[in-house]
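**Q** Spelled out, the chains give:
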Amino acid sequence: MSQCASGASRFFSANRAELGLALSILVVLGLTSVLDERHIYWQNPWPSFVDIVRQSSMLGIFALGSAVVIIAGGIDLSCGSVIAFSGTICATLLVLLAPEEMRTAAVLRPPVIAAAIAGTVLVGLAIGSLHAWLITVVRLPPFVATLATLVGLRSLGRSIVENTSALHLGGKSTQIQIYDAGFRYLATSVWIPATLFLVLAATAWLLLSRTVTGRHLYALGGNEEAARLSGIRTDSLKWLAYCVGASCSTLAGILYIADQSVADPQNLGRGYELNAIAAAVVGGCSLQGGVGTVQGTVLGVVFLRTVIDGVAKIIKTGADVYEGLIVGILVVVAVAFNQLRQRGEPGRSLFPGVLGTVAGATLAAVAGVLAAILAGGVAGAAASVAALAAVVAAKIIARTPARTRGEPR
Amino acid sequence: MNAGETIISIEQVSKRYPGAQALAEVSLQITTGELHAIVGENGAGKSTLMKVLAGIVTQYDGRLVLRGQPVHFAHTRDAQWHGISIIHQELNLVDELSAAANIFLGREVRTRLGLLDEAAMQRAATGLLARLECHVDARQKVGRLRVGDQQLVEIAKALSLEAEILVMDEPTSALTETEVARLFRVMDQLRGRGVTILYISHKMDEVFRLADRITVLRDGRLVATLRRDQTNPREVTSLMVGRAAEASLVRSTVELGPVVLETRGLSLPWVGHPREWRLRDISFQLHRGEILGLAGLMGAGRTELLESLFGASPQPPRGRVYLNEREVQFGHPREAIAAGVAMVSEDRKRLGLFDHLTVGQNITLAKLGAAVRGGLLSRRREQRLADEAIRRLGIRTTGPSAPITTLSGGNQQKAIIARWLLTGPQVLLLDDPTRGVDVGAKAELYRLIDDLCTGGLSIVITSSELPELLALCDRILVLAEGRLRAEFSRAEATEQRIMEAATLGIDL
Chain D
1 MSQCASGASR
11 FFSANRAELG
21 LALSILVVLG
31 LTSVLDERHI
41 YWQNPWPSFV
51 DIVRQSSMLG
61 IFALGSAVVI
71 IAGGIDLSCG
81 SVIAFSGTIC
91 ATLLVLLAPE
101 EMRTAAVLRP
111 PVIAAAIAGT
121 VLVGLAIGSL
131 HAWLITVVRL
141 PPFVATLATL
151 VGLRSLGRSI
161 VENTSALHLG
171 GKSTQIQIYD
181 AGFRYLATSV
191 WIPATLFLVL
201 AATAWLLLSR
211 TVTGRHLYAL
221 GGNEEAARLS
231 GIRTDSLKWL
241 AYCVGASCST
251 LAGILYIADQ
261 SVADPQNLGR
271 GYELNAIAAA
281 VVGGCSLQGG
291 VGTVQGTVLG
301 VVFLRTVIDG
311 VAKIIKTGAD
321 VYEGLIVGIL
331 VVVAVAFNQL
341 RQRGEPGRSL
351 FPGVLGTVAG
361 ATLAAVAGVL
371 AAILAGGVAG
381 AAASVAALAA
391 VVAAKIIART
401 PARTRGEPR
Chain V
1 MNAGETIISI
11 EQVSKRYPGA
21 QALAEVSLQI
31 TTGELHAIVG
41 ENGAGKSTLM
51 KVLAGIVTQY
61 DGRLVLRGQP
71 VHFAHTRDAQ
81 WHGISIIHQE
91 LNLVDELSAA
101 ANIFLGREVR
111 TRLGLLDEAA
121 MQRAATGLLA
131 RLECHVDARQ
141 KVGRLRVGDQ
151 QLVEIAKALS
161 LEAEILVMDE
171 PTSALTETEV
181 ARLFRVMDQL
191 RGRGVTILYI
201 SHKMDEVFRL
211 ADRITVLRDG
221 RLVATLRRDQ
231 TNPREVTSLM
241 VGRAAEASLV
251 RSTVELGPVV
261 LETRGLSLPW
271 VGHPREWRLR
281 DISFQLHRGE
291 ILGLAGLMGA
301 GRTELLESLF
311 GASPQPPRGR
321 VYLNEREVQF
331 GHPREAIAAG
341 VAMVSEDRKR
351 LGLFDHLTVG
361 QNITLAKLGA
371 AVRGGLLSRR
381 REQRLADEAI
391 RRLGIRTTGP
401 SAPITTLSGG
411 NQQKAIIARW
421 LLTGPQVLLL
431 DDPTRGVDVG
441 AKAELYRLID
451 DLCTGGLSIV
461 ITSSELPELL
471 ALCDRILVLA
481 EGRLRAEFSR
491 AEATEQRIME
501 AATLGIDL
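Protein chains in written order, with my numbering: chain D, 1 to 409; chain V, 1 to 508.
Excised from the complex, chain V in its bound form (with noise of 0.2 Å):
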């Protein structure tokens, strides 16, 4: 095989999932030996594109011609058998089992007898380690190993695989800087074995250290592939942003009002996790009436703030959070619901949902108080409060007795924000409401947000489309890697701009 060849192609590959384009017809050379960086923002399609090479999405349109034969992995089986393994953000591996058993899982190696040789695979994981520059016992469990160890160890995986292409998926996300230094020499031993390497990143200064070419995604598309020596940081970030807004709403103005929400110095650690800190660090102010944005990639820590005013988070966070000026602590949710302060979840199934009550039963669960008579739930009361919401937020159903999981992705987040709305809050939390939400109904959301402050509420809220954030905020906040980033005013911020503070690391 000889550098300079085309190893895989990627030929007009779309994949649609119900109410979004994850592909859009996507084709790409990579050439055999090269290192291809891949970037674009939360939702370009990135993973989408490793999924279909590494044989977990096998429903596509468009082929694959790898060295010149078209093939279509029905397995990731498929795909390690053809040479290619992938390197998963959230890593592959039974935190159980030892890292041999790990590194040879499915292809065990069995003495004559059919029993394991444990000794064999032992020596052969210890030597692959080695060639690594991991030092750890083969035949300690994963789950006690480091996760830069661990994520060497699915290297490993891969390497005793004979992978000729590998797929890193953001595998630098976890790691400490020592880390991410061996793992780059790792990673420039392998390209001197003549290993293709595809790394999926949104870190500028990784990709440009690293990449012999850059493919651009948005929105599914492939925006641009370009050589390293013939680009720039500043030209792959506006490629990455530079779709034309969306959002049609142009926010009311409003007088902003006192300080309702203030937080000084807010941390949050993060036990056992080499970066120490979930949140480092954090001061700002939110207004009556204002909509703050909180912008950042995936893991800056967005979720995480949101759930410390909330009460919410997996250790409470230190530092001082403000509300009317007056110090708060919330131990649980529901100090922070009577205090005034509400939460729509990120993960709407998983975290806000009751599959299994009706419309109205979702909308008016936390503030059933309001529905009782005598010690008694009133149905009759509990109705109207439930049709009341579902008018006021326009949400369509057949009505309150209807199942939860017969509405839409909006109509499902519009019940939930009712339910919010019941408990009457000052300071609504919204964490990427608009996932998974159709065009439609995230219009009717923004209107139904910037209603909501013109009536006085104050929103903080995250999105993972800029787009959203430039349209909807007064001011945005920008995160990364736990700390607070940049400030920009409605009028400062451009997707460019949040974009160079969300990866490049400009500090205030």
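Chain D on its own, in the form it takes in the complex (with noise of 0.2 Å):
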């Protein structure tokens, strides 16, 4: 029985920052419930969670690369423009696979679409390889050589998109459209995506948590000097997880665009490296390396798809308004809350001096232009006024001596 109890503790303890994750996703689904006037996760459950599924699938696909390579001490910031070229690459070689079916809208043979997703992840091996040779090799910090793709792989996508619609489509384009139903029922199917995501996490899951690899990638992340004196082999590790990361963006790149039924890499993905590092650092991966679980990612993902889900179904507008606001928000108030568990400064003022003041006045403004947005001018100044109110109040009592308060000195 006691063994029985200290094996649950033992377990919560372990799992402490997933059971809250956890937990605050089920919140948001009954607050997103309650708080919907038309009640749509209760008149339509399943549609519903099938939205929620396919959109967690999408981003958790590529998420789960990015943790890896933020586990192993890295930055991907490329996702977005992979997810993009990768796109583009695909519709590409369909188009030179089959010129004929492509222009014509007609059906396209199994062999053909498997022989184009092939090809297009060969390209993002290359792409990964190419991160860990700048990095590596060159010695490029991560930040600046994906930063380099991210922007470089975008434009050269388009040109790619031109030429070929140029070539083989029978006039320039800035996109290639997709209509054949086999394709697309790769990204309509919905079973897919979940599939290929839950197939991918539990791969990850087992490589970081089960394999020799996994291990020393964890140990690249924590210590990369002391990585290397233990005779593992740096620069290999990097190669592979920066493989993992450009080929996970590649295969939510095919998806996407059989989502949307068009490659175009003008617009395809934009900003979504950061939603993957968002939903990883969600999910407890930490930026500095070594620390972060497949586990948590999953959960960080599936946080992020609901909270926008929920705002959109709470204040009916589309959900890509709010999405970079949300994650932005998530993303710090996730940070800090681990930073304060970590590290445990209870009673610090979070608006100190004139820095602090400046900071509150700008939230308090941020909540009222919203406010304003959302419910009229009248409330947006209310909210103002009681935002700037609540920090004026916390300024005022972390200024009073900690004595007059009757805690011990």
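Quick caveat, the hints were computed from the structure, so don't treat them as lab data. Please note that the accuracy of each hint is not assured.
[To be verified] Going by beta-carbon spacing under 7 Å, a handful of chain V positions derived as facing chain D: (1) Y17; (2) L132; (3) A312; (4) P333; (5) R334; (6) I337; (7) S345; (8) L365; (9) A370.
[Said to hold, decoys possible] Ranges between beta-carbon positions, derived for each pair: (10) D229/V to V354/D: 36 to 42 Å; (11) A375/D to R112/V: 37 to 43 Å; (12) E225/D to K141/V: 24 to 30 Å; (13) V354/D to S9/V: 39 to 45 Å; (14) K349/V to A14/D: 23 to 29 Å; (15) A14/D to R139/V: 57 to 63 Å.
All values derive from a computational prediction rather than experimental measurement. Note that CB positions come from ideal geometry on N, CA and C, so glycine has one too.
Got two chains here, separate frames each, mind docking them using the hints?
**A** Rendered as structure tokens:
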């Protein structure tokens, strides 16, 4: 009995962050179903569920790659561009392999689709290798190396699309349409992205927690020099990590063009790299490296998507309008929460000095603007004043000497 | 201010760090205008004392009295304001800023509009540098200057602060001979101007050339303050080392086996440094079951030698290395490990520990292959490996799943040694393995090292504490400035002889 209890308590303490996230997801789902005036989660549970699963799977597939890179102590800023570029490559390969069918919107043969996907994944591995070469041989910081591909791949993708469409589709275009229902089924089926996500998550979990390579990835991220001195081939590991990162984005890219039935390198996946990093960080990965789990990342992904979906349901605008704002706030709150928990400085003022006043006023203004947009000018002004009052109150409490608050000095 | 008066009086100053008494009731009067040398072994408390004077260490017991007034510096700025400047061994300059900008950093000259007055600062800087025989362009970035010139930039900064007391921490360690000569001329010139200089060094020739008085520190205590003309280098070195050997262990007598490791003419280039070689022409042999000690002061090349043998040096070493009579060249620690060489690094926190991993994971890291079953890590096997190692080395922990950071320094060190023993080495390189380890744990480590050698392992060990080497080693090699200066058998070795070889440069 006592052994069982201690086992359970050990499970809880070891997985506190994950359990907290799972609980938060349930809370968000509950709040959404209550606060949404149309109660879509009650009225129409199945489509809502399918939608969240689809969105989470698409994000999750490349967020897992980002998490592996982050755990290995690196950073991959290029996810969004790799998604756009690999979508482009996949569509281009389809055009090259079956120009007639693509032009006339005829049915594509399965081997053509399979070959295009295989070719695209190879390109993903090539991008990962390029990153690893820039980082380990040319010795660029990962931030710079992947920033270069973030900017470069999108424009390369566009030039490829323009050329391909001019040569094979009878007219220069910045995008390639894909009409084939078979190809589109990859994403519209939902079960395919969901299964792929689960399989990738299971593989990543196995890799990170049950293999020598996985342990070495944690070691590399935690202390690169000590890892090298322990005989670990740190350069090969980085190669692996960046290939995992890039090929996950590649798979997501294929699914995105299937979903949108168009390869549009200009607009596809803009800013997605930050969503991926945010999901990993919310899920407990440390940008310093060496810390993070697959479970956490998966929960981070689901949490991010449920919050975005919930806000869209509650305020009844497209999810995309507030997506960036939500991601930004969640990252700050999640990381700040983790740091406060680890360092634990209770009673420290969050708004010290002039900087605190300015930051407090800024936050109050943001709150006011949001309230004004969502509920009208009066509410906005009220929210602003209330937020400002809260900040001022926090400052006054912080300034009051500990003695008068009856706390030990 | 008159010569002969006490400018600064250090009264009963003590400083405790967790696990070490860095300074114990040190009292010392420095006379205005004198050059006072402070000598001692590594870890004797020299640097801590200087940090107290410079306002870097602010929490200490006892007090400082400056020109009759008690002072307590809360910040380096405080110390500077009171006329005390320190030239650190590791120079405190911003490489990307010009010499002039560095000299006036934090006290920038401004025009009436509040903008930086670059011209005025450059003029002033050029003047200051010229007085120091330093003929570099004050507009040049400091990072581009030679180390000797960088040091003079620091001194120029001290001059611009109108420092009356200048503290110099081993200022010649990275200088060429001409730069040293120039530095000494500058110091003479400063003394002519009435500047009091506190000179930290372990080089006897410099100390005896420059100092008026010499203070010897040992284990945080002041041993003696002597007038230069009433002492000699031999007396000072014996005062530096003269503690009773605390290491209680008597090395078991072992039959030395065949030669396991041998180097011939091992050298390690040092690109862009006036010394040119981190290591020069080092040849030695290591026998099976032998403990070979490497003695030498900071910067003598001990760590570099071990790194070269482990395939971890910044550049590949020149010369030949033989392992079991076969020539080897390790390009990566991985190859060294595969050949049977293991190394415990000096800086445990930075180069050894994985903070985020558990005790067990830290132990098994270099030998995870042994815990693999069917391509996957077997938790049970890994646990067994870790448990065995914990038992064998007597690591005190709640178990292999405890975070490594919950262990004491000594037990962390044992965990790292355990990591390397799992790789089944023939040669174990230990770089100052007892640093930051408390006394009880040290004794355990000594016993462990002795046991390992009795079991046929060969060990090369460095230490910042000579008694440790004397107690443990069958033979001791003395390095100085990258060269092998002396070799002593266990019977011949004394602290006095080793210290003389390391500081005076007696050739073989």
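**Q** Need the list of violated hint numbers for this structure, in ascending order.
**A** Checked against the structure, the hints that fail are numbers 1, 2, 9, 10 and 11, while the rest are satisfied.
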